[in-house]
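Colleague: Hey, can you work out the whole structure from these sequences and the hints?
Protein chains: 6
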Amino acid sequence: MNLEHLPQIPRFCGFSYDYDEADWVIFGTPYDSTTSFRPGTRFGPERMRVESWGLESYSPYQDRDLVDLKVHDAGDLELPFGNPERALDILEIYTMGVLEDDKQPVMIGGEHLLTLATVHALSRKYPDLELIHLDAHTDLRTEYLGERLSHANVIRLISEFIEPQKIHSFGIRSGLKEEFEFARANMDFHPFSVKGMGKALEHLKESQVPIYLTLDLDVLDPSVFPGTGTPEPGGPDLRELLAELLGLRGLNFVGFDLMELSPPWDESGISTAAAAKLLRELLLVAVG
Amino acid sequence: MNLEHLPQIPRFCGFSYDYDEADWVIFGTPYDSTTSFRPGTRFGPERMRVESWGLESYSPYQDRDLVDLKVHDAGDLELPFGNPERALDILEIYTMGVLEDDKQPVMIGGEHLLTLATVHALSRKYPDLELIHLDAHTDLRTEYLGERLSHANVIRLISEFIEPQKIHSFGIRSGLKEEFEFARANMDFHPFSVKGMGKALEHLKESQVPIYLTLDLDVLDPSVFPGTGTPEPGGPDLRELLAELLGLRGLNFVGFDLMELSPPWDESGISTAAAAKLLRELLLVAVG
Amino acid sequence: MNLEHLPQIPRFCGFSYDYDEADWVIFGTPYDSTTSFRPGTRFGPERMRVESWGLESYSPYQDRDLVDLKVHDAGDLELPFGNPERALDILEIYTMGVLEDDKQPVMIGGEHLLTLATVHALSRKYPDLELIHLDAHTDLRTEYLGERLSHANVIRLISEFIEPQKIHSFGIRSGLKEEFEFARANMDFHPFSVKGMGKALEHLKESQVPIYLTLDLDVLDPSVFPGTGTPEPGGPDLRELLAELLGLRGLNFVGFDLMELSPPWDESGISTAAAAKLLRELLLVAVG
Amino acid sequence: MNLEHLPQIPRFCGFSYDYDEADWVIFGTPYDSTTSFRPGTRFGPERMRVESWGLESYSPYQDRDLVDLKVHDAGDLELPFGNPERALDILEIYTMGVLEDDKQPVMIGGEHLLTLATVHALSRKYPDLELIHLDAHTDLRTEYLGERLSHANVIRLISEFIEPQKIHSFGIRSGLKEEFEFARANMDFHPFSVKGMGKALEHLKESQVPIYLTLDLDVLDPSVFPGTGTPEPGGPDLRELLAELLGLRGLNFVGFDLMELSPPWDESGISTAAAAKLLRELLLVAVG
Amino acid sequence: MNLEHLPQIPRFCGFSYDYDEADWVIFGTPYDSTTSFRPGTRFGPERMRVESWGLESYSPYQDRDLVDLKVHDAGDLELPFGNPERALDILEIYTMGVLEDDKQPVMIGGEHLLTLATVHALSRKYPDLELIHLDAHTDLRTEYLGERLSHANVIRLISEFIEPQKIHSFGIRSGLKEEFEFARANMDFHPFSVKGMGKALEHLKESQVPIYLTLDLDVLDPSVFPGTGTPEPGGPDLRELLAELLGLRGLNFVGFDLMELSPPWDESGISTAAAAKLLRELLLVAVG
Amino acid sequence: MNLEHLPQIPRFCGFSYDYDEADWVIFGTPYDSTTSFRPGTRFGPERMRVESWGLESYSPYQDRDLVDLKVHDAGDLELPFGNPERALDILEIYTMGVLEDDKQPVMIGGEHLLTLATVHALSRKYPDLELIHLDAHTDLRTEYLGERLSHANVIRLISEFIEPQKIHSFGIRSGLKEEFEFARANMDFHPFSVKGMGKALEHLKESQVPIYLTLDLDVLDPSVFPGTGTPEPGGPDLRELLAELLGLRGLNFVGFDLMELSPPWDESGISTAAAAKLLRELLLVAVG
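Residue numbers (this note's numbering), protein chains in the order written: chain A, 14 to 301; chain B, 14 to 301; chain C, 14 to 301; chain D, 14 to 301; chain E, 14 to 301; chain F, 14 to 301.
Since the hints were derived computationally from the structure, they do not count as laboratory data. You can take every hint at face value.
Chain copies aren't distinguished; within one or between two, either way the pair holds.
In silico EDC-like links for lysine to aspartate or glutamate, alpha-carbon gap of 16 Å or less:
no., residue 1, residue 2
1, K190, D78
2, K116, D31
3, K190, D81
4, K190, D76
Computed from a predicted model, the values in this text were never measured in an experiment.
Modeller: Shown next, in the form of structure tokens:
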């Protein structure tokens, strides 16, 4: 058929580049098996793919347009519920494949534990990788309910192969006393707020050290972002967060993720709208 | 990349055939512009595509499996809200393209008005086409709120090019006095119930006349199928409807549709689950 | 019967003046036929009428009370779904009737396209009419999905009979690149924020030029106002908006509207509460 | 103004007769102050008024049309929360006013306790009044949480002025052991089912004794009618109930009510649709 | 304090016996880590505990009362998300403790996989244990997404230590072709319906063989029981299921469970109400 | 049994002290019988008890931990719906019992009227008691819908036994003209905002006068706290409120309450999360 109007399968932001043409690859990781409180992030990628239809590709904040980027939407990985170790293996192998093809990964979660695999893959290619970590929770436990692999200790696990002082945490307002003490003693730790993030990371622009940004969306205040597993009141609103993220332009991004969108707790859809908008802005910031 | 686990974009029932290989083509029509009561069927195709993931491909009722059918999922048509005439044109042209390529169409709505375009396209290829119409509403108005094109008069419009006695209606339990009088006088009209449908249509198996089945899902009782624009209590449950549909095997189906799934009114997802199951069973019945 | 306690039909804010006694006429326009993303504003007027029961008539912000205003609640117009042209005609004729009776209109939407008809009617009576436009979206497309009449280009259509520089836009944060360029070049355009609106419009108090204010409620941040068709994160909260609206007292208002409340996406009712409160404050500001 | 299209305030089923012209008067009683489990029936009348818009006035079951009945929608009574005694007084006085004007009352609840006042008023005008009682619950407690006035003992209170054997109960499937014993010993008691109701009450057609029917909508199975305060699984579906209600035509109805619709638990709207349909059918049965 | 009115913590059905006095022990297992489609059964026990408040302790079906049973509510087990093996270990050890204390276990799930641990513990004490299995799904896979431990193969795993012909399955209507073939060849398999269950198991009353009943609540039709992870339309309604369960009185029950209630998909609460009612009836049937 | 993993009944924040050991006693008051707009606060205590599971016991704001406090969770009082007078009696007697045992009460509502009983009990023990009152509404009516006992006049009733100038009100933004006049004339009244509360109450730290704090949670903006009966837009967000509450440390608290959480309007759970977090912070502030 050769018609003007043909049916189409929805893609993130309408991205239409093939894998081979693309510089960046977006993929979804619908997985929430270790979520301890309210599950549902497994539905995050699907919801964002559909809702990104309601988003303009043009950013008036940056005066740039997504149509100018070469991005491929690969779809969603199928990960085995109830076996986090194997899920992480599958994800790490896939991410390494993307990197070997000289493309940069953008992951849409899914629970935060998954960031472990993506960052591990990246740290093998980029040994001097540094991590920007936005979150409401420390994620620094040494174990959680007796388990080593959990959304509640993903950053602690990452700190085993990225030196803690290369982990730059912002917005954190919940955790154990021990976690706060560890963070304050060892990491580049900016609790309670995201204000001043741009400034605090300015020096990383000069060094052009490779950067991965992991955005646990629950860093946003629950009024702005109710749709997440463990809402923690007292965070920044979207304007505060967006202003700081725009300040990161110029960093040498080699990948990033948006994690913990949980559509079942997002009846009104405002969390998904916020996530989709942040995806657009981060892509325009990161691709540079 | 050549990995075992690769991300995938969701398709109806996981159908993976390309357009060229397929005998049947499924497409979505996310459109509800003339819906008078509760809009939302525009989200029907997307929801069914995602939720069909939860459905087994094997039917224990028919002891047959969808994996044995050659079906292509073409995605969703983009139709202009606020202009039903142009929407119908786009849909009719697309359907004709499918038919010209010697494939049979399966439409996932979307509002019932759209059936007008699909049936019109089919009736040009199959001049002796007959229509099986399952619905809670007569859809036989001559106008609705002053408009000729409306979900409330789609069957009346079809009756202008398919003789009313070739329209076989079942399950109808709501309408104007005039509509019931018209139906009783002119059509093959079986109000209130779907019981006996299989038997009543048995003669069409011998003649092998081409058949289009339009399933307005609101024919089901709202307890089974709350997710629709105008719920009309007092309909059959799924077991009653399914039993009758299985009895249609052997008819010469040239196309069919499932219309009026409205996910915003289906919080629990049971309507979508019912629609997906009926899609599987109808495919296995129709493809024969 | 002559009893103390008699049943009553709910009216906006309990307004009890007859049409003939009233200076201002409120009416609902339950219509969302061109809504492209999430329909539902058709339920806006009904919801606001009911929920305004929960609102005090006294404004502590202005130290004034609605009971001192002569307002009539006319009910809701019935507009034909699927035919925007005729809907606009019906609305324009009705608005002209209100104006001919020397009353001022207050419209409760419904989708933003409807503002076209009301403003057109007003501009015939008040040729020097100026427009205050609060919105998250530019609404300046020249067409949308091939259609000329759409919520996405209502301001562009209005700019054909009100000079663009007489259109004062605030809060806009989403649109095409071309729309932002048009707005910046031709209109009195204040994107991203509503801050300073009172000040920016101060000169209109002296000239006492007739003013219509169209409030697309999605100008509010989705955290405050989730219940709308296309939520756009990053807007003002209620305190910011209210402070600016209070600053408009003294302008020569000849009508206003509150559009795009969509109750199906407002489970918690906070959007409706915000809309009802803004209706009260705007009435007290506008009637003066 | 003298226009074709004018705004209108919604009324039950679009009833447009004035009070003076009408034979029957519908009024709402938004009250649920003694509800012990899940409150929300206070929103019942408003929801039914709005949703009855989606209902045809023609009943294909009875081949009759509501437009042929003289019914007035009086609106909703305002009853004081937290003071059941005074609420009952206000309601009883209003009902007596309706009866004195030679009109018959139709009440839309609200909680079932309110039936006490309406039946009391009627029993004063009709000393030989008999009661048809459809319910999932016995409502025969002598007190509830220490209170004499409660939705849980309304029938027991009525049995103090209508002899128990003149109370015909159907569908009941929940209560205390003592309540079932009282009912079995003293009333015309048909637990678990509504089947055979028409037949069991046939003799009342001959005597033409005045009848009040109180329909606690929770008699329906929760699958059909989830929107109620105390859902009790195991009841009839709508077809079963409707068939029995149609069999009551010919009784001398002097009033009836539909109680316990609780919209907050009716996300999908199917309960409201069922209630509106039953209102239509009962009106056509009762007015005769 | 020695007051009449003291605060109380909610318990299942208000059970107030201490562990030592009780013959039966109810406990919750809030766990859904291998759930593949829609998680949420982790909230089942908590919801049932609260909602059982709305349930009478008296069963008019059996003319018996829960207050006459010695039951202890032990609360909920905390099980580690993401590690099914350890979760099963903890549960099995706890169940063995209950059995050693000569009490019988009643488990409220949680996902169906957990039944594996409870049945395993029971089979060690009762080597001739037989299993009654009510379900919509076969649960007979040999693996699921590569995992051995999954809700989708719990019955297959049980069949490794209870001979398949001692597993009596009813109501199943979804699965793979291989699963249906295995079931038909090896088990006491009654697909599609629960009708006749009482009769089919009559012989087990004579032998007084020890019986465990596992009730996957999704065996009910989704209209009756929407609140579950994988709704499968076409099942029995509550009256059908209840009638069959009542027919099981006289069997030698040594334990039972109610699994797969998922409150997030049960907005209206009707699933929880059904589950609570079935718990009451099963207790009265089982305790005998 | 003597196992590591035993089931447990959920308690507020996991508090495990017995009544006798405790210094503070938390109890729930599930009651909303006089609520005039949207009922549902009766579900507040149960929801908070469950959701407090998701909250860390450690406060990074105060660097203190709940595990160091001696708090007993007594459960919920059962109060008779429809009889506010008796409900208040039961509550006052219970509170006096707590005080006589030299423990301090923490009440989780339930509607605001209940504060009347608790404060009355406290004022008998502490004749110089002063009240800190955070609210969106004045609650100063002399009657409401003809009733003296109502959530809308609780503070007026309290002002009959605590001198108005000892009532310190913050955040109020809704009420009648007369209420605002009464408050301004007689009370320590700080409308519209909570800013500066800490400072304004600084002098009470020196005098160490006994303080009861009543937190009507609707003082928060509905974006932060949608789950309440009468949402009033324009309030503080959580960060603003929390900062002021932290400033109250050092006051001589003898009790406090958190009222008006209404879970049915809190689909996303963010209101419950905010309430639980405020409970933790207030406990750590009050216990000192």
